[in-house]
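Novice: Sequence:
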Amino acid sequence: MILNQLKLRDFGVFSGEHSIDLAPRDKSNHKRPIILFGGLNGAGKTTTLTSIRLALYGRLSLGRSITIQAYHVHLKELIHRPKDAILAPYTASVGLSFTYGKHGSLNEYKVVRSWAAKGEKVIEHLEIHKDDELLKGLSGEQLQSFLNELIPIGVADLFFFDGEKIADLAEDENNEALADAINRLLGLDIIDRLRADLGIYLRDHTQSKLPKDISQELKAREKRYEASYAEYQNILTSNNELSTQLSSVEVDIEAINQRINDLGGAWAKSRQGEELRTELLIKERNTATSEMKELFADTIPLALAPKAIASLLTQLKTEKDTKAQLVARKAIKKQLKKLRNELSNQIAGSNKKDINQAIENTFSDLLDDRTDTIIRHDLSDSDYDHIYNLIHNSLPQQQVRLKKLGQRVEEIEQELETAATNIARAPEQSRLDDVLAELAELQEKKGALNKEISINLDNAKRSLREAMEHLRRLRELNDKYSKSMSQNQAIQLAVNSRRMLSDFGERTKQRKLAILEQEFIKSFSKLARKDDMDLQAHIDANTFNVTLTDKHGNSINKKRLSAGEKQIFAIAMLEALGRTSGRSLPIIIDTPLGRLDSEHRTKLVKNYFPTASHQVLILSTDTEVDEDFYTELSPEISHAFSVDYDTKQGCSQYNEGYFWQQ
Numbered sequence: 213m214i215l216n217q218l219k220l221r222d223f224g225v226f227s228g229e230h231s232i233d234l235a236p237r238d239k240s241n242h243k244r245p246i247i248l249f250g251g252l253n254g255a256g257k258t259t260t261l262t263s264i265r266l267a268l269y270g271r272l273s274l275g276r277s278i279t280i281q282a283y284h285v286h287l288k289e290l291i292h293r294p295k296d297a298i299l300a301p302y303t304a305s306v307g308l309s310f311t312y313g314k315h316g317s318l319n320e321y322k323v324v325r326s327w328a329a330k331g332e333k334v335i336e337h338l339e340i341h342k343d344d345e346l347l348k349g350l351s352g353e354q355l356q357s358f359l360n361e362l363i364p365i366g367v368a369d370l371f372f373f374d375g376e377k378i379a380d381l382a383e384d385e386n387n388e389a390l391a392d393a394i395n396r397l398l399g400l401d402i403i404d405r406l407r408a409d410l411g412i413y414l415r416d417h418t419q420s421k422l423p424k425d426i427s428q429e430l431k432a433r434e435k436r437y438e439a440s441y442a443e444y445q446n447i448l449t450s451n452n453e454l455s456t457q458l459s460s461v462e463v464d465i466e467a468i469n470q471r472i473n474d475l476g477g478a479w480a481k482s483r484q485g486e487e488l489r490t491e492l493l494i495k496e497r498n499t500a501t502s503e504m505k506e507l508f509a510d511t512i513p514l515a516l517a518p519k520a521i522a523s524l525l526t527q528l529k530t531e532k533d534t535k536a537q538l539v540a541r542k543a544i545k546k547q548l549k550k551l552r553n554e555l556s557n558q559i560a561g562s563n564k565k566d567i568n569q570a571i572e573n574t575f576s577d578l579l580d581d582r583t584d585t586i587i588r589h590d591l592s593d594s595d596y597d598h599i600y601n602l603i604h605n606s607l608p609q610q611q612v613r614l615k616k617l618g619q620r621v622e623e624i625e626q627e628l629e630t631a632a633t634n635i636a637r638a639p640e641q642s643r644l645d646d647v648l649a650e651l652a653e654l655q656e657k658k659g660a661l662n663k664e665i666s667i668n669l670d671n672a673k674r675s676l677r678e679a680m681e682h683l684r685r686l687r688e689l690n691d692k693y694s695k696s697m698s699q700n701q702a703i704q705l706a707v708n709s710r711r712m713l714s715d716f717g718e719r720t721k722q723r724k725l726a727i728l729e730q731e732f733i734k735s736f737s738k739l740a741r742k743d744d745m746d747l748q749a750h751i752d753a754n755t756f757n758v759t760l761t762d763k764h765g766n767s768i769n770k771k772r773l774s775a776g777e778k779q780i781f782a783i784a785m786l787e788a789l790g791r792t793s794g795r796s797l798p799i800i801i802d803t804p805l806g807r808l809d810s811e812h813r814t815k816l817v818k819n820y821f822p823t824a825s826h827q828v829l830i831l832s833t834d835t836e837v838d839e840d841f842y843t844e845l846s847p848e849i850s851h852a853f854s855v856d857y858d859t860k861q862g863c864s865q866y867n868e869g870y871f872w873q874q
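Count the sequence shown with this note's numbering and you get residues 213 to 874, in order.
Hints are computed from structural coordinates only; laboratory data are not their basis.
All values derive from a computational prediction rather than experimental measurement.
Some hints here could point you the wrong way.
Simulated pairs of lysine-lysine, PhoX-like, Cα-Cα distance not exceeding 20 Å [stated by the list, open to error]:
| hint | residue 1 | residue 2 |
| --- | --- | --- |
| 1 | K342 | K330 |
| 2 | K663 | K295 |
| 3 | K505 | K495 |
| 4 | K550 | K565 |
| 5 | K549 | K529 |
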């Protein structure tokens, strides 16, 4: 199968008609398989995958349990909503043309799925052309069945997948995602349905021959099973409707929040906090200014006259030294006087005069009381030390503190100004009361819906358990009594067919799982980061648990794999499932590299994308397939598209080229 062309009309973020060429092109005598789509998140690149799945599978593209009502809501949401347009489109369509080979012949198919929203209703139309001839005489359901038979959705899920599908397989602890993929691949669900139909046939034809009381017991048990299962189905349907209502409520809540923001509600939410913050800031400012006043009442004013203070200290130091000298001279004079008296008493009178003259000459400088310094302040030494400490220690410390306080007061003033602006921006509460009341009502409704959905899920599980218990008991009774009844040929054939189907399903599963194990090891080995990783894999046929063993036979717990290795595990499993299916389909992979480290990315780019299929559509951001990876892939890239969103127009465009190569 080769996808040739995709056409969109007023679909999602795309306004008007768009035609995208998907067919691989020949370059240098080589058909290159990769078509690369690049776009920023939200631009609409994923629309490529969404539109292809929708074109082929319609309601089934959303899942098997989706209701027609939810599907129609989804279709309405996919109709483009232009920005600031007076008249919005009410119709949309997706068209897909592809070449499909079967039994040695190639046919060209063109699928066009369109829909129109008329009030609360959605009218959908599907048409299929085969080799330019319209398939006529088929209803919409029959046309959809034709597509389902051509490309079963269970198989397509293995080829058209996104990051979510990869994540499901990577983090699948209970193997539910893998079991679902394998069952769809093998068609085991069809076998189970056929066995169930044969079981109904047997019950209908054997109950008539059973004793009346036994027949009544079987019928009663069957009715209880049908009632429980019907209740289970009804609850699921109800939950789908509730989920649709919940989605609608969430949209309304988002719209209300936007209205609140438009009214300045974002400021209103923080108004109380801003007012409280303002009060605290004012208190802090008052405390800081009071402390600054205290500093000005202490030594800070001295800093205003540094030269005068320096001169004062010099004068005080000089006066202190002079006073010390005068005190010393006085003491020396007193001692010299005592010395004269002593010498006078012991020396003869003729020598007294000479001795006094010698003392006078020797100590003349010390005995001179004259000084150039005028004592103006006459401070004590302790007073001088106090003043010195104030100027050299207290004053610098207080200057540093004053500077910090001044800076903090300036910061507080700026913060107060910002807070005042924010408070001024906030609307009056009366303007928001009605809107907030509406929001509260919606929030309450949302909570009630979530609670009801949760209760319904619990009830659904209980009903399903009851139904399975009734079915188990019904089968036991049926097997018990049917063995004792004489069987006609049709009944015997039905019994044998059920046994054969069980055996066929089991053998088919074992054979396919063996192939899947081999294909998985091939894929995982070429993508895993550790080149020496020699692995074997075994998939349990009952639990679908994957056991990995290394070359020494040691088991490797999947939980112990790194996040990147789990992603590689999932991609390898998807590739293996696709190869095991035996189908040759294109691969579409959305955002494949987001959770991988650089080494795993390189492995994927080199060893997976170029050989994954004959046609590979990669939907990527510029941070996933960057310039280096683009260069690496270039020999295999057929062409590329950039999905660009125009904020003014409110829509996106497909432009040929890739980010930096437009």
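Novice: Do the alpha carbons of K549 and K529 lie within 20 Å of each other, as the hint requires?
Specialist: 31 Å, violated
Novice: Holds or violated: K550 and K565, Cα atoms, limit 20 Å.
Specialist: 16 Å, holds
Novice: Run the distance test for K505 versus K495: straight-line Cα separation, threshold 20 Å.
Specialist: Holds. K505 to K495 sits at ~15 Å (cutoff 20 Å).
Novice: Is the Cα-Cα distance between K663 and K295 20 Å or less?
Specialist: The hint is violated at about 36 Å.
Novice: Straight-line Cα separation of K342 and K330 no greater than 20 Å?
Specialist: This hinted pair is violated, its Cα atoms lying about 30 Å apart.
Hint compliance for this structure: hints 1, 2 and 5 are broken, all remaining hints hold.
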